[in-house]
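Student: Chain residues, written in single-letter form:
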Amino acid sequence: MNEPTDETLRSWLLRRLPAQEAEPLEQRLLQDDAFGERLREAETDLLDDLARGRLGDDERAQAAEYVAATPQARARLRFAAALARVRGQSPPMRFADGDRHAARRGPADRCVRWLPRGRPAIAAGLFASVCAIAIAVVGLHWRSGVAPGSAAIETTVTLMADRQRGAQAEQVRIPPDAVTIRLQVEVDAADAQARYTLSIDDARPDPFTARGLVARQAGPYRFVEVAVDTKALADGPHRVRVAVEGAQTPPALWSIETRRE
Amino acid sequence: MSEGPRTEADASASHAAGTPFDALLLRLRAEGAEGLAYEALRRRLIQFYRLHVPAEADDLADIALDRLARKIHQGTDVASVPLYALGIARMVLHEARARGARRRAAEVDPTLLPDEGDEQEAAASETVFAALSQCLDAAGAQARALILAYYAADGAERIAVRQRLATERRISINALRNRALRLRETLEECVRTRLGWTRP
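For the protein sequence lines, the chains are H and C, in the order given.
Mind the numbering: the first sequence is residues 11 to 271 in my numbering, read in order.
Mind the numbering: the second sequence is residues 74 to 273 in my numbering, read in order.
One chain only, chain H, in its complex shape:
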């Protein structure tokens, strides 16, 4: 018997495989431990894709049906969603187009939902930062990447280009136990070879400057990223500046106000 492809196994899981094709697979499942492991992996990959919002409408509906059937599968989906979140692969959220719950949830909550029914995922293939970027479309928020109470708490702050120099400083909450934060700043499309300098003018005790930054792309967003010691972002107002190195264009500026809570 030919080795079935991953696609065949997925079709089997989603009950799309004709009976005459499924029967020999069933036989093999009962006889071959290694094949059982392959099927287990196919199931795991399906849950991961569902949790990350990477399935088309039909597949998503069928996979959701599969998951809905048992508490065990739903628990595995929760796990898959949490794992995706660790990797920053949660699907983008719907709050930007009028999610009635958005205002009542913390920003981190918006990163965690699975089964994005009713809206196709727009960020297939995006990497670790997509969730934070999706959140920041409406402003500026933080998210925790590690369990509360952990010394290794990682918080991402994302500054979007359209929030520059607003009338009011953007409010940034920094978890009290955060040691460093990841600061992501959207930059305009430019020469792929461009390098950027990011500085925090009034960082304490010393000004913060990072040079030679290379922009990264996540879907429609292009940004630079730095790790900043939270000591440099003591409570109060700060100004973040990003400039293309060697260019005559004026730097992009953001006003933020940090607060530990």
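There could be a bad hint or two in this list.
[Stated by the list, open to error] Stretch by stretch, here's where chain H covers chain C in the computed footprint (C-beta under 8 Å, at least three residues): (1) 115–122; (2) 152–158; (3) 202–209; (4) 214–228; (5) 238–251; (6) 257–269.
These are computed hints drawn from the structure, not numbers from a lab.
Predicted model only: the values in this text are computed from it and were never measured.
Here a beta-carbon is modelled for each residue, glycine too, at the ideal position from N, C-alpha and C.
Here the structure of chain H is known, so what remains is to put chain C in place on it, guided by the hints.
Tutor: Leaving out everything else, chain C in the frame of chain H:
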């Protein structure tokens, strides 16, 4: 499936086995350590039922195993335990489908899905995320790196990434798959334990 007259060996085996379950374990002994073989067979049957009636997979697997054990205990000539078990499993499935229209309706009930807009669900996901983070920390850097790398990619890239990981570790793709699956199961178990979930 063959179901012929009892052989001398069968009679001897079933005589030695006090209960149907004992008879099944004795029969499975030929395939290795009976405890492991039994668990493996049960796991495969659960997988089989998950493909058809996932809501009843565990229960139906136990029914099929019970019938298999009784057949063996009665001295039925079973040439291949897995294939015989499959035959029984299909019969049990057929019966379950015949009586299960109402239950099948429940299987596709969309209200059983996690509701992305539900605040309790959002809070639950935060809890799971925190538990997983702690479990990953406890698992160590190597395990964390493997699990995140192995389950990182999507689609066609998935195969390439896993092949590369296997090559880097100088092990077969099957060995790597087993390692990743075991690690993931360990993490899932860790999360379940931390959150007090019932074990699947």
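Student: Look at each hint and say if it fits the structure.
Tutor: Right, here's what the structure says about each hint:
With 5 residues having a beta carbon nearer than 8 Å to a beta carbon of chain H, the segment 115–122 of chain C meets the requirement of three or more and the stated coverage holds. For a cut-off of 8 Å, the count of residues in the segment 152–158 of chain C with a CB near a CB of chain H stands at 4, and the three-residue condition holds. Proximity of the segment 202–209 of chain C to chain H, defined as three or more residues with a beta carbon under 8 Å from a beta carbon of that chain, is established by the 7 residues found. Residue count for the segment 214–228 of chain C with a Cβ under 8 Å from a Cβ of chain H: 6. That meets the three needed, and the coverage hint holds.
Only residues whose beta carbon comes within less than 8 Å of a beta carbon in chain H count, and the segment 238–251 of chain C has 3; three or more means the coverage holds. For the segment 257–269 of chain C, the stated coverage by chain H is satisfied: 5 residues place a CB nearer than 8 Å to a CB of that chain, which reaches the threshold of 3.
The structure fails none of the hints (numbered hints given earlier).
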